[in-house]
Every structure is written in C-alpha cells, then in structure tokens.
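Enquirer: Model the full structure from these sequences, guided by the hints.
From first to last, the protein sequence lines stand for chains A and G. Numbering that gives the first Met the number 0 applies: residue 0 is where the first sequence begins, and numbers increase by one. Numbering that gives the first Met the number 0 applies: residue 0 is where the second sequence begins, and numbers increase by one.
None of these hints come from the bench; they were simulated from the model. It should be emphasised that the depicted structure is a prediction, and the values quoted were computed from it without experimental measurement. One or more of the hints may lead you astray.
[Stated by the list, open to error] Label-pair distances were calculated between CB atoms; the ranges are: (1) G:Gly61 x A:Asp25: 21 to 31 Å; (2) G:Asp112 x A:Tyr127: 42 to 52 Å; (3) G:Val67 x A:Thr134: 22 to 32 Å.
[Said to hold, decoys possible] DSSO-like, lysine-lysine: derived pairs with alpha carbons at most 30 Å apart: (4) G:Lys66 x A:Lys33; (5) A:Lys33 x G:Lys84; (6) G:Lys41 x G:Lys84; (7) A:Lys66 x A:Lys41; (8) A:Lys84 x A:Lys41; (9) G:Lys33 x G:Lys66; (10) A:Lys84 x A:Lys33; (11) A:Lys33 x A:Lys66; (12) G:Lys33 x A:Lys41; (13) A:Lys33 x G:Lys33; (14) A:Lys84 x G:Lys66; (15) A:Lys33 x A:Lys65; (16) G:Lys41 x A:Lys41; (17) G:Lys41 x G:Lys66; (18) G:Lys84 x G:Lys33; (19) G:Lys65 x G:Lys33; (20) G:Lys84 x G:Lys65; (21) A:Lys84 x A:Lys65.
Beta carbons are placed, not taken as given, at the ideal position from N, Cα and C, and that holds for glycine.
Number of protein chains: 2
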Amino acid sequence: MALQHAILVSLAERSATGYDLARRFDASIGHFWKASHQQIYKVLGRMESDGTVACEVVAQEGRPHKKVYGLTESGREELAAWTSKATPVEHLRSEFAVKLRALPFGDGDAIVDDVRVRRRAHQAQLAYYTESAATYFPRPDELAPEDVGRWLVLRGGILIEQAGLAWCDEILQRLAPDEDER
Amino acid sequence: MALQHAILVSLAERSATGYDLARRFDASIGHFWKASHQQIYKVLGRMESDGTVACEVVAQEGRPHKKVYGLTESGREELAAWTSKATPVEHLRSEFAVKLRALPFGDGDAIVDDVRVRRRAHQAQLAYYTESAATYFPRPDELAPEDVGRWLVLRGGILIEQAGLAWCDEILQRLAPDEDER
DNA sequence: GATCTCATGTAATCAGTTACATGATTTC
DNA sequence: GAAATCATGTAACTGATTACATGAGATC
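Expert: Below, the structure is given as structure tokens:
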C-alpha cells in the first residue's frame, strides 16, 4: 500500500484536492507512480479515517465545492517513519521481456514493430526528463537542499530511459539489422 | 493477466508441473516476472478450463503424484496471437523514487542506508546476469535462432541493472560524498 | 452542439499476497 | 531429530483496474 505514502509525499509538498492529486499522479510524481482518481479518492478517504490527512471544504462560485487535503501532525510522523525504514527492493516485472522469450513461438515481425513503438516511447520520455532537468535544475551543482530529491528522481528517470532505449536498439540491431532505426 | 502468457511461454519451452513452474518463476523467467506457487496453480487451473493447457497425471513411487502440463493446439495459437498484438508500454513504478522525493520530510541517513542495500542488490543481479551470459552464450555473435530471445532478455537485464547501479552511485555521491561506496 | 475542465464518488471485477493446510522422502 | 525437497491446493484479504454515474461552466 505505497500509494498512501506517495500521497503523503505529494501533500507534504503542497496541500491539494483529490482532483489535484489525480493530475499530479498523471504527471510529475506520476512518472514514477501512477494512480487513477478512483483509487486516490478511496485511499484519501481511508487516510482521513486514519487521521494522517485532514480536509477543509471550500465552496466556490460557479464550480463544485472542493475538499482541500493536507497532512496532519500524525501524517507528518507517518511519513518520517516510512522514510526511516527500508523499502524492499522491488523486482522488475516486464511483460516485454516475456514476449521476447516468446520469439521462437510467435510473430517476429509484430514483435519488431512492438520494439519500435517502445523505442519511441523511451525516446519521448527521455526527452521530457532531459528538458525538465534543463528547465528546473539548470545548475545541478548548486541545488537547494529541498531540490536534491527531485533532481535525483529525474536523474533516475533519465538513466532508466536511456537503458530502455539502448535495449531497444540492441534488439533492433539483432532482429532487423538492415532497416533504418527511425 | 499476463501471468497466463508467461506460463504459455514457459510451457512452450518445456512441459512442466505447477511445482516446476513455480521454480522457474523463482529463477530464469522469474527475473522478469515473479509468481508464487499459489498464483500459478490458480491460473493453471483456469487455463486448463479454457483449454490452452492440458495435463497428464503421472504417478510416482515414494513421491506424490504429479500433473504434467503442456500446451494444447489452442494454447499454441493463443501464444502466437499474443505475440502478434502490441503490448502496451508499461510505466515504471518505483517506491524508491517516491522515497527520494520524501527526502526533505524524512530521515536522510536511513534513506542513504536504503540506497546502499539497493546498490548491493543491483550489483549482485548484474553479476548473476553477466555470468549467465558468459556461461550460456559464450559466442553471442553466433547464436542459434532459438536462443536469440533469451539472449536479448539477458541483455535487457544487464542494461537495466547497470542503470540501477549507476543511479545508486549518483545518489550516494550526492548524499554521502565523503564515505566509501562499499 | 461537442468537448474539455473542475470535482466527486460507487460498484464490480481482476490480480496478487499472505496465511493456512497436508504428507511422504531425503539429506544434514 | 530438523530441515529441505517434492507436490498440491484453499481461503481471506489487499491493491488496482474498469465501468458507471453526475453536473455545471468554459471553450471551440
């Protein structure tokens, strides 16, 4: 149940509505932890019962009312406690790797097409991270202490996407060596 | 429901009991797709109902009887059909990245310890893949066609672990620059 | 007139984890 | 005598996805 902790982190950075959180889990923090709005509302509800978050209902003109959530003291404690205990190393789970192993039993051309799609996705994501890094952290050697975490996360994204891209390139070189790697 | 497809691939390579599959999902294919024996038995049961696999009960002396599963014609078709349609690019999900973002709100020293544990895990996994590659594919330029998939999967493992290792090193350099990276 | 944004949820289902259960043989 | 290996499962629970639901205002 790590969505809970991801929400704690996000609310620690800034209070938000469920809707706001859903958007964050679609971008920024969402690049490393996806969550749908349904799931977020459910977990937020439980967290409110637990007392780690609390909300204030804000009425608006011409817009639905909204519930702005923020961390409680207990939420801040929970977050600190979570950082202080080790997170088990997650093993990777790659449907794509399974598919590669299915090469002798399946459709090679379709798999190559799939690799190309994947390659483009890695490329796009890498470009996005690289741009974000240049925009938000133009001087990585002079980071403010509160920015170090975000910077390191971005670096991780970049390294992982580069690895994914390199993998795709190796695969294409093997399976479709004569073709352009567009 | 991709465990189903992982099982199809594994049984296509060689018929097996649920127990055998559980061991494979603990090693080889398990490096890219983990599954417990409980889950495997459950899914195998469903696949038998669906008719993609069939089993033969084999009695043994001094050992429990066993059910040896293999692909049916329909299973082989299903596997081929699966390879022929694109697999959606899975987004990464990293509790570790979330934790890095929690740096300003938590226990920096504990997080550094966590990074060290992770670094060692990546190192061990990388060593394992590298050794496997050297043992099973000493001449990667002269691979038999049926080995290409397994080789490419191994390469992916190596690239991903290298990226993970590099990430850990960058993090440690930032957060604990004076200490030994043991 | 259609689609997008803001804003909240419920219900059903599926996938995965954890705990529980059994029992013989082989190795330390 | 204890632990590991072989071999099979059931049951309860948690986490995540998908489908369904509503409704106003803003933009194209």
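Enquirer: Are the hints correct? Go through all of them and say.
Expert: Hints, verified against the model:
no.: 1; hint: G:Gly61 x A:Asp25: 21 to 31 Å; result: violated, 58 Å
no.: 2; hint: G:Asp112 x A:Tyr127: 42 to 52 Å; result: violated, 31 Å
no.: 3; hint: G:Val67 x A:Thr134: 22 to 32 Å; result: violated, 58 Å
no.: 4; hint: G:Lys66 x A:Lys33; result: violated, 39 Å
no.: 5; hint: A:Lys33 x G:Lys84; result: holds, 24 Å
no.: 6; hint: G:Lys41 x G:Lys84; result: holds, 25 Å
no.: 7; hint: A:Lys66 x A:Lys41; result: holds, 14 Å
no.: 8; hint: A:Lys84 x A:Lys41; result: holds, 25 Å
no.: 9; hint: G:Lys33 x G:Lys66; result: holds, 22 Å
no.: 10; hint: A:Lys84 x A:Lys33; result: holds, 23 Å
no.: 11; hint: A:Lys33 x A:Lys66; result: holds, 22 Å
no.: 12; hint: G:Lys33 x A:Lys41; result: holds, 28 Å
no.: 13; hint: A:Lys33 x G:Lys33; result: holds, 21 Å
no.: 14; hint: A:Lys84 x G:Lys66; result: violated, 43 Å
no.: 15; hint: A:Lys33 x A:Lys65; result: holds, 22 Å
no.: 16; hint: G:Lys41 x A:Lys41; result: holds, 28 Å
no.: 17; hint: G:Lys41 x G:Lys66; result: holds, 14 Å
no.: 18; hint: G:Lys84 x G:Lys33; result: holds, 23 Å
no.: 19; hint: G:Lys65 x G:Lys33; result: holds, 22 Å
no.: 20; hint: G:Lys84 x G:Lys65; result: violated, 34 Å
no.: 21; hint: A:Lys84 x A:Lys65; result: violated, 34 Å
Violated hints, listed in ascending order, are 1, 2, 3, 4, 14, 20, 21; each of the other numbered hints is respected by the structure.
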